[in-house]
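These are the residues of each chain, in order.
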Amino acid sequence: MAGTARRKLLLMGRSGSGKSSMRSIIFSNYSAFDTRRLGATIDVEHQNLRFLGNMTLSLWDCGGQDAYMDNYFSSQRDNIFQMVEALIFVFDVESKELRKDIETFVLCLRNLYEFSPSARIFALVHKMDLVVVEKRQDVYRALMHSLEDTSAMFSFKVQGFATTIWDESLYKAWSNIVCSLIPNVGIYQKHLQTFAEISEVDEVILFEKTTFLVLSHVTSSKSPGFESDSTRFEKISNIIKQFKQSCNKLRSQFQSLSLRGSDCSAYLDSMTASTMIMVVMANKLVTTGTGSEEAESGVVDLLENDDPFSGEAENNIILANIKIARKMFEKIEHMSLDG
Amino acid sequence: MADSRGMVSEALTISSHRQGQPIPKILLMGLRRCGKSSICQVMFHNMQPLDTLYIESTSRPAATVFSSFIDFEVVELPGQTNVTDGWNDDIEKLFIESGALIYVIDSQDEYINSLANLHSIIIHAVQINPQINIEVFIHKVDDLSEDFRLDAQRDITQRVTDELLDDGLLNVPLSFHLTSIFDHSVYEAFSRVVQKKLPQLATLENLLNVVCQHSGIEKAFLFDIKSKIFVATDSSPMDVPTYEICTDFIDITVDMNSLYKIDSQDQNAGAKNTGDDYEPYSSGQEGGKKESKPIGSTTRLSNGLIVHLQQMVKGLALVCLMRKESMPKIALVEYNIEFFRNALEQLQQLA
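So the protein sequences, as listed, match chains S and A. The first sequence runs 1 to 339 under this note's numbering. The second sequence runs 1 to 351 under this note's numbering.
Mixed in with the good hints there might be a few duds.
To be verified - Stretch-level coverage of chain A by chain S, calculated; a stretch enters the list once three of its residues show a Cβ under 8 angstroms from a Cβ in chain S: (1) 247-257; (2) 298-309.
Unchecked claim - Using 20 angstroms as the maximum straight-line C-alpha spacing, the simulated EDC-like pairs for lysine to aspartate or glutamate come out as follows: (3) K249/S with D239/A; (4) K314/A with D71/A; (5) K249/S with E205/A; (6) K235/S with D71/A; (7) K314/A with E334/A; (8) K249/S with D251/A; (9) K244/S with D251/A; (10) K244/S with D255/A; (11) K293/A with E244/A; (12) K244/S with D183/A; (13) K249/S with D71/A; (14) K244/S with E244/A; (15) K222/S with D263/S; (16) K190/S with E97/S; (17) K293/A with D263/S; (18) K314/A with E205/A; (19) K324/A with E85/S; (20) K219/A with D248/A; (21) K249/S with D183/A; (22) K235/S with D248/A; (23) K235/S with E205/A; (24) K249/S with E338/A; (25) K249/S with E146/A; (26) K157/S with D101/S; (27) K314/A with E114/S; (28) K219/A with E338/A; (29) K244/S with D248/A; (30) K249/S with D142/A.
Hints listed in this document are in silico derivations from the structure and should not be mistaken for laboratory results. All C-beta atoms in this analysis are idealised placements derived from N, C-alpha and C, irrespective of residue type, glycine included.
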């Protein structure tokens, strides 16, 4: 099986906690509003998704009704819990029977401990929008505290996220989950760093194309104060995902975006077959190209210039840089995941 | 029960004046819980449509000043206001100052009462101000099927016109719109209402036609960025999906721009970044603050469509749709648009 890696993800949680809703939003391009239409999941729904070239995410959406749950822990036990890469357990923050939810969580851990002891554990405290803003942190902390204790008993380390389908927090959680499954995410990061340095841009973000989850991002140390909003990456995921839905209404797909904002310029274009890149530059540092190509990296170097009319040139240089970098990133994508 | 006479005079006193001249008004009326406040909140205060469930019932007249290419004011009268109850100068003044009257009907409810109320309002309004445009919003159609919507529209149109005919009122400027806050229909309907009151509409359309012809643009809209009302469009036929893509594109442009705003002095601006803090581009009158660069953005879709946005004067933006063949000549298109901007500036000075 050279090059194809199948990663099994278990999606668990009580009935109605929002498992299928979040799956549809992230992987099937639903809008948060559309999830009203979803019915209850019967037994286990399998979804296989190609992710980043040669990786396949095999998502097991396990229906959360008690009858199915009992089944998972008895007759289907070995089938469900074998070869699991990650368990994503969804807690409904409004749940009336939190104790029972935690018991189910413990049962999952116990089975995973037996069948896939190397699995990663994620706990999503979902439907956070239903909690008053001031209380959200406390509620989340309290629940996570008890979860951390229980998972320590099985020598698992649980990673928690507070999520809701109504804002970008869902993208943050899933971006972290998916990134933890990609073995060469470090290589992406490294090359993105190099790209940002050579092109002298303030920020570069790499997205997966269909889900628009953030794979990696680099912010230059010289960048002028974008730090005010640390959730901007997920926000971009959310914004573009919504725009993709409106493009779908025209029976078309989103391809690229260039923005000349009041303070910054941004370009969003596809990088490889399964990734998109976004490059952000502050307007103050207007740069123009020298035209000389650096032989080693193959990326056009930029020189600073005060000419205010060089926006067009700058635009083209960034596009050229992306084009050159594309080959490199394609190579990473096709690298054998096992090797 | 609140005194409706008091309400009307309150509506008059809250209204803004500019250089002694009252700003033209758009009256928003309808029975209780028909969705007037929701329309106002969604259109002018960036509220999410779902959040409108929690809006309290309006008990006082509320006014929102909409300042764009032209200024006007949306005055919302609470549902319990009875304008036909007694005759007084305040009602007369309110109707005289209003260019349009939007009457909202809840289509998911029994609408017979609304129609009776609407009828008496029309009779009054037209007597006082024969020029007033009566715009009926058949609202909350999101839950009705396509056929049912048209049926409802036909039924309501029929009943209203028949009743007016019985009273011998033949030439009432009356139009009907199917609206919902959950899609773009309410924006479109409101745009139509505003356009009717815009004296420069013909000039703007003409200008847009010229730009389109000479730049290979298929369709162009002049939008007010903040409310997403379109002030004018060229005369080629318009379909709903293209309009929707344009409004969505404004959304993402504004959102992305606010994510990457550099504000060194204002630290807490990052806390709320949903476009509320977005300031329309003013033509350099803002004291102290540096004139910010007008924003522009372009997107390419897989079917060869290009959506191009360029900020114009006073919070307006030109959004145009092109084919990919025009992409190599985008600089020329921008050059042409620059002329359009100049024309807009001149128009604005005249106004």
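Quick one, are K157/S and D101/S close enough, alpha carbons at most 20 angstroms?
Answer holds: K157/S to D101/S is near 18 angstroms, not above 20 angstroms.
Is the straight-line distance between the alpha-carbon of K219/A and that of E338/A 20 angstroms or less?
The hint holds at about 17 angstroms.
Take a quick look at whether K293/A and D263/S sit within 20 angstroms of each other, Cα to Cα.
The hint holds at about 7 angstroms.
Can the restraint linking K244/S and D248/A be considered satisfied, given a maximum Cα separation of 20 angstroms?
Cα-Cα ~10 angstroms, so holds.
With a cut-off of 20 angstroms on the C-alpha distance, tell me whether K235/S and E205/A pass.
violated, 36 angstroms
Does the structure keep K244/S and D255/A at a Cα separation of 20 angstroms or less?
holds, 15 angstroms
With a cut-off of 20 angstroms on the C-alpha distance, tell me whether K249/S and E338/A pass.
violated, 31 angstroms
Proposed proximity, D251/A with K249/S (alpha carbon, max 20 angstroms)
holds, 16 angstroms
Does the structure keep K222/S and D263/S at a Cα separation of 20 angstroms or less?
Holds, because 15 angstroms separates the two Cα atoms, which is no more than 20 angstroms.
If you look at each residue in the segment 247-257 of chain A, do at least three have a Cβ nearer than 8 angstroms to any Cβ of chain S?
holds (count 8)
Regarding the pair K219/A and D248/A, is the alpha-carbon distance no greater than 20 angstroms?
Given that 20 angstroms is the threshold and the Cα spacing comes to 16 angstroms, the pair holds.
Given pair status - D251/A, K244/S, alpha carbons within 20 angstroms
Status holds; Cα separation ~13 angstroms.
Hints 5, 6, 11, 13, 16, 19, 23, 24 and 27 from the list above are not met by this structure, while the remaining hints are.
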